[in-house]
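Student: Just so you know, the sequences run in chain order X and Z.
Here the first sequence is numbered in my numbering, starting from 1 and rising by one per residue.
Here the second sequence is numbered in my numbering, starting from 1 and rising by one per residue.
Hints in this document: simulated from the structure, not taken from any laboratory.
It is possible that some hints are incorrect.
Derived EDC-like pairs: lysine to aspartate or glutamate, alpha-carbon spacing no greater than 16 Å straight-line [unchecked claim]:
no., chain 1, residue 1, chain 2, residue 2
1, Z, Lys-162, X, Glu-218
2, Z, Lys-162, Z, Glu-109
3, X, Lys-78, Z, Glu-45
4, Z, Lys-164, X, Glu-41
5, Z, Lys-164, X, Glu-218
6, Z, Lys-164, Z, Glu-119
7, X, Lys-77, Z, Glu-119
8, X, Lys-225, X, Asp-15
9, Z, Lys-148, X, Glu-45
10, Z, Lys-171, Z, Asp-125
11, X, Lys-78, Z, Glu-110
12, Z, Lys-171, Z, Glu-110
13, X, Lys-225, X, Glu-251
14, X, Lys-77, Z, Asp-41
15, X, Lys-169, X, Glu-218
16, Z, Lys-49, X, Glu-17
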Amino acid sequence: MVSCYDPGDLQAYLDGELDCVVKAELEKHLLHCGKCCRALEQIRENQSFASTRLAGYMQALASAEFDTSQAWRRFNKKRLSTEKGSPLIKKGVLSMLAKYRAAATAAAIMLALAVTFSFGSVRSAASDLLTIFRVEKVRTINLTTSDLSQIERAFREGAGKVDIDNFGKLEFSGGNESGKVTLEEARGAVDFELMLPDALPGDYQLQEVHKYSAGHMEFTLDTSKTNQVLQSLGSEKLLPEELNGRTFAVEAPVQISAAYTGPGNQSVYIWQGRSPELIAPGSDVNAIRDALLALPFLPENLRAQLASINDWEHTFLIPNVGGSSREVDVNGVPGVFIGQNGSEKQTSCLIWQKAGVVYAVSGRVDPGQALQFAAALD
Amino acid sequence: MPTITGQVAGQTGFRELFDSYYPVICRQLTCLLGSRAAAEDVAQETFIKLYQSPPREPSNLGGWLTRVSANLAYNHLRSEKSRRRREISSAQHAAGRETGPEEELLRVEEVAFTRQALELLPERDRACLLLKFSGMNYAEIARVTGIKENSVGTILARARAKFKREYIRIKGSDDGVLL
């Protein structure tokens, strides 16, 4: 029998700082120790009390005006004096800036997808209460690099990391098997007609086909934890208690990927699969969307774009950072070409949805080529 | 040979970065140091450090800036103990607007109580509390404050309990005056 835990351990447990073994032992102990349970509750209360007050305090500080131009002038003066008057920016700093931009872009894309992921809605035949969301079309939303910094900065300011654990419980099953398959096996694995021509325009030949097994993800929302995070981020709109314990499920169906090799040993990949489905109790998703839209740090231009999407339930949003992606027509269906600025051909991607199947073409291609491949699949 | 376009991009890029992060770092520091002027001093030092020795892996620039500024702030704190106590915190200025609707007044009060309760915490405990709030984990807090990683949890639990006690006490003694 493990003896009771001191406040320091209980606090560390709450802060997610215990390793799995100690954590498991503590949880086991809590199952039968009323004293430690009460102590933990007290610590949790104190934490919540302090965080709420501190959040308000930080907000008050935030309302104080900041004149960064004066601060910048002061900084520049000091920088020039230490650099012996040289106005040139060091290579090390330039390289850091380039990496930072790439990392910030990647982080923002992940974040934008997490915040704005939305599907087309189809009422389930089985029950009026269940709504199944599926992708119907793809659209871009525009973000500037300063939007990204603003979002990233706001998360740094908030209490604790933005970890899925702070919002609820997430469980995965399946989805981690992938393997090479024959054309027949691939065709048999999906419930739609696979488009896998032997060759693509520009002398690309089919090499290999891979299958990615279906996956299932369940997320159970913890409103009190989520509201703590929302409060610490300065949000005034919180999630209603009724959402506590609600489970949202995402079904990610089987994906087939085909590799084609062309001139100069370049590879192009064609992905296809049914759209992921979000299964959520009726109006819950709207309450969450409202709370997310009310987050104060969302850049105004982003909030306005999101709020203006009336058919939110039917649209899959792709962030367009600094003009790196655009909407294109793919054989009569709206799609998105995600590329990088610059004259060199870099890895890019064309995504569209037709008849319930999501397609993607990726590789070192320009939009023209990608569209040709898409046409060949039609 | 540094290209002109590279330099222009660099200058703009660094300025953008500065504009994005300077305010938030300043706010965190004002919280830690209790004074806006001291916060700006340390923030300036932090950005000079960023410029002179930029991190090789800048994917968590916010975290880097928080850690470095907290380190500098902590050094500052230890050598400026008495001076800080005499300075008026900017939170009080920001919160000191006399006129406004009911809610604004209540908000202003809460901020004042928070500041006062924080002042009553021992320096190290307050630092732990604020650093945790700004997003650091125990390892990072231990590095900045010099406290043993194993003790951070204990100090946090104690600091929050004391914060709550003092806050309620301050609020309680103030309630009579409010009517």
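Student: Confirm or reject each hint.
Tutor: These are the hints, each one checked on the structure:
A threshold of 16 Å between alpha carbons decides the hint, and for Lys-162(Z) with Glu-218(X) the separation of about 39 Å lies outside it, so the pair is violated. Restraint check for Lys-162(Z) and Glu-109(Z): not satisfied, since their Cα atoms lie roughly 19 Å apart, outside the 16 Å limit. Straight-line distance between C-alpha atoms of Lys-78(X) and Glu-45(Z) comes to about 9 Å, which keeps the hinted pair within the 16 Å bound. With a C-alpha separation of about 14 Å, the suggested pairing of Lys-164(Z) with Glu-41(X) holds against the 16 Å cut-off.
Restraint check for Lys-164(Z) and Glu-218(X): not satisfied, since their Cα atoms lie roughly 37 Å apart, outside the 16 Å limit. About 13 Å separates the Cα atoms of Lys-164(Z) and Glu-119(Z), which keeps this hinted pair within 16 Å; it holds. Taken as a hint, the Lys-77(X) and Glu-119(Z) pair is broken in the structure, with Cα atoms around 34 Å apart against an allowance of 16 Å. Proximity of Lys-225(X) to Asp-15(X) is assessed by CA-CA distance (about 12 Å); at most 16 Å being required, the pair is judged to hold.
Note on Lys-148(Z) and Glu-45(X): the hinted pairing is violated, with a Cα-Cα distance of about 25 Å set against a maximum of 16 Å. Of the supplied pair hints, the one linking Lys-171(Z) and Asp-125(Z) is violated, its CA atoms being roughly 21 Å apart against a limit of 16 Å. Of the pairs offered as hints, the one joining Lys-78(X) and Glu-110(Z) is violated, with about 38 Å between alpha carbons and a cut-off of 16 Å exceeded. Between Lys-171(Z) and Glu-110(Z), the direct Cα distance comes to roughly 8 Å. Compliance with the 16 Å bound is thereby established for this hinted pair.
About 25 Å separates the Cα atoms of Lys-225(X) and Glu-251(X), which puts this hinted pair outside 16 Å; it is violated. Between Lys-77(X) and Asp-41(Z), the direct Cα distance comes to roughly 14 Å. Compliance with the 16 Å bound is thereby established for this hinted pair. For a cut-off of 16 Å, the pair hint linking Lys-169(X) to Glu-218(X) stands: about 8 Å separates their Cα positions. Under the criterion of a C-alpha separation no larger than 16 Å, the hint pairing Lys-49(Z) with Glu-17(X) is inconsistent with the structure, at around 30 Å.
Of the numbered hints given earlier, the model fails hints 1, 2, 5, 7, 9, 10, 11, 13 and 16; all others are met.
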